[in-house]
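Protein chains: 2
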Amino acid sequence: MPITLPADSVGLVTPQTIQFNEPLLLACGKTLDNYQLIYETYGQLNASKSNAVLICHALSGHHHAAGYHTLEDRKPGWWDAYIGPGKPIDTNKFFVVALNNLGGCHGSTGPTSINPATDKPWGPDFPKLRVRDWVASQARLADKLGIDTWAAIIGGSLGGMQVMRWALEYPERVRHCVVIASAMKLTAQNIAFNETARQAIMSDPNFCEGRYLEQNTLPRNGLAVARMIGHITYLSDYAMGEKFGRDLRKGSFERGVDEPVEFQIESYLRYQGDTFANNFDANSYLLITKALDYFDLAREYNDDPVLAFSHARAKFLVVSFSTDWRFAPERSREIVNALMGARKAVTYAEIESNFGHDAFLLPNPRYQQVFARYLAGIATE
Amino acid sequence: MPITLPADSVGLVTPQTIQFNEPLLLACGKTLDNYQLIYETYGQLNASKSNAVLICHALSGHHHAAGYHTLEDRKPGWWDAYIGPGKPIDTNKFFVVALNNLGGCHGSTGPTSINPATDKPWGPDFPKLRVRDWVASQARLADKLGIDTWAAIIGGSLGGMQVMRWALEYPERVRHCVVIASAMKLTAQNIAFNETARQAIMSDPNFCEGRYLEQNTLPRNGLAVARMIGHITYLSDYAMGEKFGRDLRKGSFERGVDEPVEFQIESYLRYQGDTFANNFDANSYLLITKALDYFDLAREYNDDPVLAFSHARAKFLVVSFSTDWRFAPERSREIVNALMGARKAVTYAEIESNFGHDAFLLPNPRYQQVFARYLAGIATE
Numbered sequence: 491m492p493i494t495l496p497a498d499s500v501g502l503v504t505p506q507t508i509q510f511n512e513p514l515l516l517a518c519g520k521t522l523d524n525y526q527l528i529y530e531t532y533g534q535l536n537a538s539k540s541n542a543v544l545i546c547h548a549l550s551g552h553h554h555a556a557g558y559h560t561l562e563d564r565k566p567g568w569w570d571a572y573i574g575p576g577k578p579i580d581t582n583k584f585f586v587v588a589l590n591n592l593g594g595c596h597g598s599t600g601p602t603s604i605n606p607a608t609d610k611p612w613g614p615d616f617p618k619l620r621v622r623d624w625v626a627s628q629a630r631l632a633d634k635l636g637i638d639t640w641a642a643i644i645g646g647s648l649g650g651m652q653v654m655r656w657a658l659e660y661p662e663r664v665r666h667c668v669v670i671a672s673a674m675k676l677t678a679q680n681i682a683f684n685e686t687a688r689q690a691i692m693s694d695p696n697f698c699e700g701r702y703l704e705q706n707t708l709p710r711n712g713l714a715v716a717r718m719i720g721h722i723t724y725l726s727d728y729a730m731g732e733k734f735g736r737d738l739r740k741g742s743f744e745r746g747v748d749e750p751v752e753f754q755i756e757s758y759l760r761y762q763g764d765t766f767a768n769n770f771d772a773n774s775y776l777l778i779t780k781a782l783d784y785f786d787l788a789r790e791y792n793d794d795p796v797l798a799f800s801h802a803r804a805k806f807l808v809v810s811f812s813t814d815w816r817f818a819p820e821r822s823r824e825i826v827n828a829l830m831g832a833r834k835a836v837t838y839a840e841i842e843s844n845f846g847h848d849a850f851l852l853p854n855p856r857y858q859q860v861f862a863r864y865l866a867g868i869a870t871e
Numbered sequence: 491m492p493i494t495l496p497a498d499s500v501g502l503v504t505p506q507t508i509q510f511n512e513p514l515l516l517a518c519g520k521t522l523d524n525y526q527l528i529y530e531t532y533g534q535l536n537a538s539k540s541n542a543v544l545i546c547h548a549l550s551g552h553h554h555a556a557g558y559h560t561l562e563d564r565k566p567g568w569w570d571a572y573i574g575p576g577k578p579i580d581t582n583k584f585f586v587v588a589l590n591n592l593g594g595c596h597g598s599t600g601p602t603s604i605n606p607a608t609d610k611p612w613g614p615d616f617p618k619l620r621v622r623d624w625v626a627s628q629a630r631l632a633d634k635l636g637i638d639t640w641a642a643i644i645g646g647s648l649g650g651m652q653v654m655r656w657a658l659e660y661p662e663r664v665r666h667c668v669v670i671a672s673a674m675k676l677t678a679q680n681i682a683f684n685e686t687a688r689q690a691i692m693s694d695p696n697f698c699e700g701r702y703l704e705q706n707t708l709p710r711n712g713l714a715v716a717r718m719i720g721h722i723t724y725l726s727d728y729a730m731g732e733k734f735g736r737d738l739r740k741g742s743f744e745r746g747v748d749e750p751v752e753f754q755i756e757s758y759l760r761y762q763g764d765t766f767a768n769n770f771d772a773n774s775y776l777l778i779t780k781a782l783d784y785f786d787l788a789r790e791y792n793d794d795p796v797l798a799f800s801h802a803r804a805k806f807l808v809v810s811f812s813t814d815w816r817f818a819p820e821r822s823r824e825i826v827n828a829l830m831g832a833r834k835a836v837t838y839a840e841i842e843s844n845f846g847h848d849a850f851l852l853p854n855p856r857y858q859q860v861f862a863r864y865l866a867g868i869a870t871e
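One line per chain: the protein sequences are W and V, in this order. Be aware that the first sequence starts at 491, since it is given in our numbering, and climbs by one per residue. Be aware that the second sequence starts at 491, since it is given in our numbering, and climbs by one per residue.
Just chain W, with the same shape it has in the complex (with noise of 0.2 Å):
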């Protein structure tokens, strides 16, 4: 509990929702009548309306990326360590816009929302989305908020993907375009990974097709293992070497005794998975995960991703992470060899890191700097 809030903090917050009710089409050929977004702020949006930055979330993301809820608090939001006075998205400049996507879990309308037409929650019912639809709905927002242009759409990994999305659907409304860890399209092993989950979830007999909150359950331990495979992978080896290596939690290998032994790093997982079960919704997931795998950056633009990034206007930055094997460098590397075939101004920066994917949330000093130094030269007025 922060008696008193760091300095460097965007201090406390309060999140807002606004509601839509101007019918939004989706990729699926559905509509969505009407819908609400939740969404935080920080900082001030200048007079000109040149400073806005708009946040884009991943999978387990939401609206709450910086600050503190309440001095009780014990955790800031999940990008503090990247956004206030004075830190890379440095608030004393920008006026930074974080929601929560449609389809989410987090105040958004999503799967847990009410479905007006069976006054019961949406559950399995809620229409599939795309990463376009995301991005629809985040310039509904940015009407909603006066702002035409963005200086900057910012994300990592999922997070990305929407970035790189914006570009190409609104590439007068982004100025600037940070993409960090992410990838163009998943891979055959990522989108294994995900359906791996998928089923842990929809083999649990508490998910009832979906339809768990209609029957007062919750399939929590399909939502923990799926927690589990995500976790493991978005860690490097070496990283969980490092933490955890193989120290027991309880428990002895002495011969001659029948003593349960539990690993440190078994413990923590399980720890993880239970944790993310009680915060995190089941048919949440299930959609995001398959807008993970649907993604396919030049897909309508002859499978050609030169020929998609030119009709992207803004600048770009491109991060990656040396450890980072669920969305590697190697994608990165070809989201800039695209920009740059489709001449583009694109930076690249390739962090060592030891974090695998995570790193993309946690304090590093060359990341801050080339994330810090880049927003820097983004002119504001």
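Hints are not guaranteed to be accurate.
The list treats identical chains as interchangeable, and a pair is accepted whether it falls inside one copy or across any two copies.
Unchecked claim - Derived SDA-like pairs: lysine to any residue, alpha-carbon spacing no greater than 25 Å straight-line: (1) K780 / E820; (2) K780 / H721; (3) K780 / C518; (4) K618 / G519; (5) K618 / S757.
Worth flagging that the hints you see were computed from the coordinates, not collected in a lab.
Since the structure of chain W is provided, determine the placement of chain V on it from the hints.
Okay, now just chain V, sitting in the frame of chain W:
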């Protein structure tokens, strides 16, 4: 169905079973009063009994390593590519013994066997086993077969752990050790994958705390997810990409089409999981993955692998595969370094392969050549 068996096949083989009535004291302190082992043999034991080779199997392996049980079999034994007349483990020269390990589910005594104390299946009460227990039971099998010294003991993955344990526990009983795609101990990441797979099994309500056979059910869903997790880690990202990429099995990404999309990799993985779940025992899976996690070659040698291997008398061939990330080449190099430190004869081959950990089971010209030449050099007279 091979109407005529291939010329380089060991042909039709019949498993045999041996009953052991001498109590086996296990590492956990418990005693197994009697048990049986199922095994197959290929080739002929020579008069001096100097040409015997033991095959140690990995997680999902068993005694049926080569040849066919019937002319109707669609597939031969699991290591048929490497065992047979003229193959690397040449049955014209060697007498090959392959068994199903104790605790397995293919015919040797294990959790699905009847516990004489209760007249019910052992289930979760089957004693926890260590790699050293398998080695001890294999030594008893050697006694029964009249084999004092193995010309070679050969195994991949978990099988390689058994080979190394043999070299330390019965140094005078093995002349050559072939350790393929293995490790002296698992990394935290490896344990994490195993634990996630175990959680998938144990959180299946049909697991019934391991007493599913008594309840006339099977934790098929959990076991299928466990296998899916494992299967992803046995393949390389590259191999999955080459084989499946982002190819669709059904559905379409066309805009406005609300049709479920399924990638080929998804249905392939589910098929692998379902097939395994119908052919493997969940308690065996838990038992064997625990044995994998617990194995630590040098634990009782002051955590010094050089000291550990100083007790060996055998010569070694160590093999690893370039894209194997579950048992990475680095793990094999650690084995080689320790062997060299202990001044043991060791040949090491790091094989270029795109097929990840699974490469140890698959045809590969350089692997076959290295393997064949090493075994051809073993004296059997």
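Results of checking the hints against the structure:
no.: 1; hint: K780 / E820; in the structure: within (22 Å within a copy, 35 Å between copies)
no.: 2; hint: K780 / H721; in the structure: both (17 Å within a copy, 21 Å between copies)
no.: 3; hint: K780 / C518; in the structure: within (13 Å within a copy, 45 Å between copies)
no.: 4; hint: K618 / G519; in the structure: within (10 Å within a copy, 55 Å between copies)
no.: 5; hint: K618 / S757; in the structure: between (34 Å within a copy, 20 Å between copies)
In this structure, every one of the numbered hints holds.
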